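> Sequence:
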Amino acid sequence: MASTLLPFLLIFPLVFVTSTVADVRAGNGTKQVPVVMWHGMGDCCCNPLSMGSVKKLIEQEVPGVYVHSLELGGSITKDIEHGFFANVNELVYMACIKIKNDPELANGYNAIGFSQGAQFLRAVAQRCPHPPMKNFVSIGGQQQGVFGAPYCIGDNVMCNSVRRLIDMGAYLPFVQKRVVQAQYWHDPNQPDEYKKRSIFLADINNENKNNPTYKRNLLNLKNILLVKFNQDHMVVPKESSWFGFYKDGDIDTILPMNETDLYLEDRIGLRKLHESGRLQFLAVDGDHLQIPRDVLVNEIIKKYFM
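Residue numbers for the sequence shown follow our numbering, so the first one is 398 and each next one is one higher.
FYI, nobody ran anything at the bench for these hints, they're computed from the structure.
Where hints are given, some of them may not hold.
Using C-beta positions, here's what the derived DEER-type ranges look like [what the hints assert, rightly or not]:
(1) Asp647 to Ser472: 42 to 50 Å
(2) Lys497 to Asp647: 20 to 28 Å
(3) Glu656 to Pro689: 29 to 37 Å
Quick caveat, the model's predicted, so the values are computed rather than measured.
Beta carbons are placed, not taken as given, at the ideal position from N, Cα and C, and that holds for glycine.
Let's have the full structure, built from the sequences with the hints guiding it.
Okay, here's the thing in structure tokens:
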């Protein structure tokens with residue numbers, strides 16, 4: 398099963414971020430700040446062609462660093478399945494427990510999420526501030542959700558099931574509670590339905606009821622880096638990776654982040670982070686998650702993880 402799902406993920410060299418101001422330097426007698434990773438749809442914690450290679454690259458570039466690649470469900474098979482069928486709020490809770498129980502992360506960590514793993518890690522930052530996340534890197538994340546079925550290569554059971562269920566109705570309660578991609582489905586033609594029915598994305602973006610803790614916790618981050626792929630066919634619209642999205646009721650108009658209500662009303666702290674220089678943007682030529690090795694090393698790992 399894994400072999401049918403993985404090809405559309407991280408075949409190309411991946412991208413990472415290192416903090417602009419290094420928290421710990423190698424060779425000064427103290428430990429490097431550890432790194433937590435969360436993979437995307439169809440991938441798993443330890444695939445040698447994706448997360449495994451990224452983990453190895455970070456360890457090579459940041460000598461002595463500890464890297465925790467999240468595995469949820471107790472096995473590789475379950476970890477892959479949870480990328481399609483699960484309650485995302487439960488996954489975030491499980492991730493928070495794993496992070497809290499890892500003694501290597503007790504003093505804080507940097508985080509890097511790939512595709513849907515990026516918004517899931519943002520939820521960790523907002524909901525679970527202990528131990529503290531320091532720098533957060535979102536690689537092709539769907540931070541404002543998607544309005545278009547996730548691109549999933551192949552005629553396989555999981556991809557086809559996700560497509561059918563979203564077609565039935567992304568906001569139906571049983572679909573919301575079970576299909577991961579439905580939980581960040583953002584329909585600009587049904588903004589009220591999205592706000593009322595979305596059990597994950599609408600919550601972490603403070604779309605319905607305001608949770609001031611989310612904003613406060615996000616503002617405790619040192620830096621956020623948002624990576625967008627200029628030819629992205631999985632994130633629809635691709636501007637979602639930079640917190641942009643369609644205008645309500647108008648799918649011909651895509652608003653940049655600074656024109657969205659999320660930013661203008663500063664619901665989760667984006668405006669304050671931006672104005673203080675702690676919210677950065679990186680555009681990469683290529684399709685989803687296709688990042689050249691030198692960009693990953695020089696623009697991400699060396700700037701945010703060293």
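> Hint by hint, note whether the structure agrees.
Comparing the hints with the structure gives:
1. The given range of 42 to 50 Å is respected by Asp647 and Ser472, whose C-beta atoms sit roughly 44 Å from each other.
2. The beta-carbon spacing between Lys497 and Asp647, approximately 43 Å, falls outside the hinted interval of 20 to 28 Å.
3. Between Glu656 and Pro689, the C-beta spacing of about 30 Å keeps the proposed range 29 to 37 Å intact.
Checked against the numbered hints given earlier, the structure breaks only hint 2 and satisfies all the rest.
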